[in-house]
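Sequences listed follow chains F and W, in order. Numbering that gives the first Met the number 0 puts the first residue of the first sequence at 0, with every later residue one more than the last. Numbering that gives the first Met the number 0 puts the first residue of the second sequence at 0, with every later residue one more than the last.
Hints listed in this document are in silico derivations from the structure and should not be mistaken for laboratory results. Incorrect hints may appear among the rest.
Each pair may be met inside one copy or between any two copies, as identical chains are not told apart.
Taking lysine-lysine and the DSSO-like style, the derived pairs with C-alpha atoms no more than 27 angstroms apart in a straight line are [stated by the list, open to error]: (1) K264 - K92; (2) K96 - K49; (3) K140 - K166; (4) K266 - K61.
The residues making up each chain are set out below.
There are 2 protein chains.
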Amino acid sequence: MNFKENVNLLKIKLDKASKIGIISHIKPDGDNLGSLFSLGTVLKRQYGDKIDILKSDNIPDKYNFLSNYNKAIEPNKDTNYDVVIVLDCGDEKRLGKYEHVLNGAVVVNIDHHISNKSFGDINFVYSDASSTGEIVYKILKQMNIKIDQEIATCIYVAISTDTGSFKYDNTTKETHEIAGKLLDLGIDLNNITKRVYQSIKLNDALYFIRTLKNIEFFYDYRLAIVCSSNVNGYNNQDTEGIVEYARDIDTVEVACFIKEIEENKIKVSLRSKSYVDVAKIAEKFDGGGHVRAAGFTLCNTIDCVKDKIILEIEKYLG
Amino acid sequence: MNFKENVNLLKIKLDKASKIGIISHIKPDGDNLGSLFSLGTVLKRQYGDKIDILKSDNIPDKYNFLSNYNKAIEPNKDTNYDVVIVLDCGDEKRLGKYEHVLNGAVVVNIDHHISNKSFGDINFVYSDASSTGEIVYKILKQMNIKIDQEIATCIYVAISTDTGSFKYDNTTKETHEIAGKLLDLGIDLNNITKRVYQSIKLNDALYFIRTLKNIEFFYDYRLAIVCSSNVNGYNNQDTEGIVEYARDIDTVEVACFIKEIEENKIKVSLRSKSYVDVAKIAEKFDGGGHVRAAGFTLCNTIDCVKDKIILEIEKYLG
Numbered sequence: 000m001n002f003k004e005n006v007n008l009l010k011i012k013l014d015k016a017s018k019i020g021i022i023s024h025i026k027p028d029g030d031n032l033g034s035l036f037s038l039g040t041v042l043k044r045q046y047g048d049k050i051d052i053l054k055s056d057n058i059p060d061k062y063n064f065l066s067n068y069n070k071a072i073e074p075n076k077d078t079n080y081d082v083v084i085v086l087d088c089g090d091e092k093r094l095g096k097y098e099h100v101l102n103g104a105v106v107v108n109i110d111h112h113i114s115n116k117s118f119g120d121i122n123f124v125y126s127d128a129s130s131t132g133e134i135v136y137k138i139l140k141q142m143n144i145k146i147d148q149e150i151a152t153c154i155y156v157a158i159s160t161d162t163g164s165f166k167y168d169n170t171t172k173e174t175h176e177i178a179g180k181l182l183d184l185g186i187d188l189n190n191i192t193k194r195v196y197q198s199i200k201l202n203d204a205l206y207f208i209r210t211l212k213n214i215e216f217f218y219d220y221r222l223a224i225v226c227s228s229n230v231n232g233y234n235n236q237d238t239e240g241i242v243e244y245a246r247d248i249d250t251v252e253v254a255c256f257i258k259e260i261e262e263n264k265i266k267v268s269l270r271s272k273s274y275v276d277v278a279k280i281a282e283k284f285d286g287g288g289h290v291r292a293a294g295f296t297l298c299n300t301i302d303c304v305k306d307k308i309i310l311e312i313e314k315y316l317g
Numbered sequence: 000m001n002f003k004e005n006v007n008l009l010k011i012k013l014d015k016a017s018k019i020g021i022i023s024h025i026k027p028d029g030d031n032l033g034s035l036f037s038l039g040t041v042l043k044r045q046y047g048d049k050i051d052i053l054k055s056d057n058i059p060d061k062y063n064f065l066s067n068y069n070k071a072i073e074p075n076k077d078t079n080y081d082v083v084i085v086l087d088c089g090d091e092k093r094l095g096k097y098e099h100v101l102n103g104a105v106v107v108n109i110d111h112h113i114s115n116k117s118f119g120d121i122n123f124v125y126s127d128a129s130s131t132g133e134i135v136y137k138i139l140k141q142m143n144i145k146i147d148q149e150i151a152t153c154i155y156v157a158i159s160t161d162t163g164s165f166k167y168d169n170t171t172k173e174t175h176e177i178a179g180k181l182l183d184l185g186i187d188l189n190n191i192t193k194r195v196y197q198s199i200k201l202n203d204a205l206y207f208i209r210t211l212k213n214i215e216f217f218y219d220y221r222l223a224i225v226c227s228s229n230v231n232g233y234n235n236q237d238t239e240g241i242v243e244y245a246r247d248i249d250t251v252e253v254a255c256f257i258k259e260i261e262e263n264k265i266k267v268s269l270r271s272k273s274y275v276d277v278a279k280i281a282e283k284f285d286g287g288g289h290v291r292a293a294g295f296t297l298c299n300t301i302d303c304v305k306d307k308i309i310l311e312i313e314k315y316l317g
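Could you put together the complete structure from these sequences and hints?
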């Protein structure tokens, strides 16, 4: 079925349904949430209480300026949905403990991950799209739905966050064209930038500063390692920026963040810049990921894990 | 004179000239350099040795992937130019000690700063353009010059850096449209991102990490102050990221970086997020700047300067 036929089928299924769910994944990011609230808001306007905007996990409060943020609820065991729209999920497991909402429903799968096996009954899976938000934009256009400032803001957040603000090479000419059109609808770019990119939580910042000072370098500064032991008590922090900061140092090819998440349970995040395939390194330790971003978990002490990694990475640095 | 007439006049002047200079400003940024090397490369191809690509200051080596980077020379006192193209300069003072190159030349002033008083003989001053690079793009289009990958890369760097990768609100629909077209010319976005955004110098990173751990907060975490004394010996570092990191903490309205640049000579950088006009604060201390970014220099001790600032800023935090 082509895109247009798929959109028509979706409309028919939505019109016929008594109860519709649209759901985010665990650890939702900007693309997931921008897609959820753009399409969710459109459907809420059209179908009212027939629509539940569902969350599989907590939603970071920095996204609280997105339309209908407060309306997102956790799925209820007693509610059966005729249609469930799943956004930005490579597979159903990304719904975590709420995978059951798909039972008995027509599943609409909107995603851009290359690994997506088209698990839905209706699939909008386009791995050449920059983001799920870009696909949502095209669906709304095909449905002839007017995109206003509120919807445009959500879609913009989706596209901007998943392209690293247009810096990653999933960005295409079309991505920029869509972003330009969204800007022209009067979205408040200053506010979006402030909310999404300039709002580091105080505790996260303090954790970032305290942790990063432990940075160590190996192999002529090509490997950077940052360790964080459980004892410092910052366990629920957003640690995302730390390994990226280490990677962005010009001498560094591989950056590694080693974090004790429980006593002797160590989570390792790996990033590379140009040539080392960190997914292969992660696989050695029963982890996985992508060529430039991967990870694994080991039960051991920080020092032992660090020694193993230093030895392993040497083989790849050449 | 309208844009088209201006471009025609520029062509006539360039064709007639025996010697042409195109010049960057002091402390050149990505917009300045992307503009210099895009237009400079086009003119070199067309006019060969008639063209000198001139630099008023050192060019950061992270831009060494831009076309003709190695050809940029400092102006020579004995060379007289018939035409000099000045890029991204609010006024002639931005040429520093090389302002004299303008003497006797037809001055072509290409800029987007609102403060630009059209000091040139031919002026392309458009304050609604995101960047000087965007104006250069339009001039090349009007001249019917084919933009290839090499030129597109330079223009993309200009636009991307001056818009904070499309995050600042100088970004328009047209900015995105141009960026999309440049991408479509086959520029290597991955490489640009790595070179421009992911290449922190090792010493700058170490300085950032060591300095930021001195962060202090005042007035319910709304004011953040980071001090750096001369004694730690990192004096020629790029300190740009420090005050921005402090500002980006969600509780912070004003961030202040106090740096001892010589014994008892203190440079202060101020940033604000939403409502405090830091230019006013800087003016109190005989400095200046913009509403959200300003600075000044005082001869005093770090501690005295810090105390003065804390007292002054209280008035503005409300």
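A quick look at each hint next to the structure:
1. K264 - K92: Close inside one copy (23 angstroms), not across copies (59 angstroms); limit 27 angstroms.
2. K96 - K49: within (23 angstroms within a copy, 70 angstroms between copies)
3. K140 - K166: both (25 angstroms within a copy, 25 angstroms between copies)
4. K266 - K61: Answer is within: at 25 angstroms inside a copy they meet the 27 angstroms cutoff, but 33 angstroms across does not.
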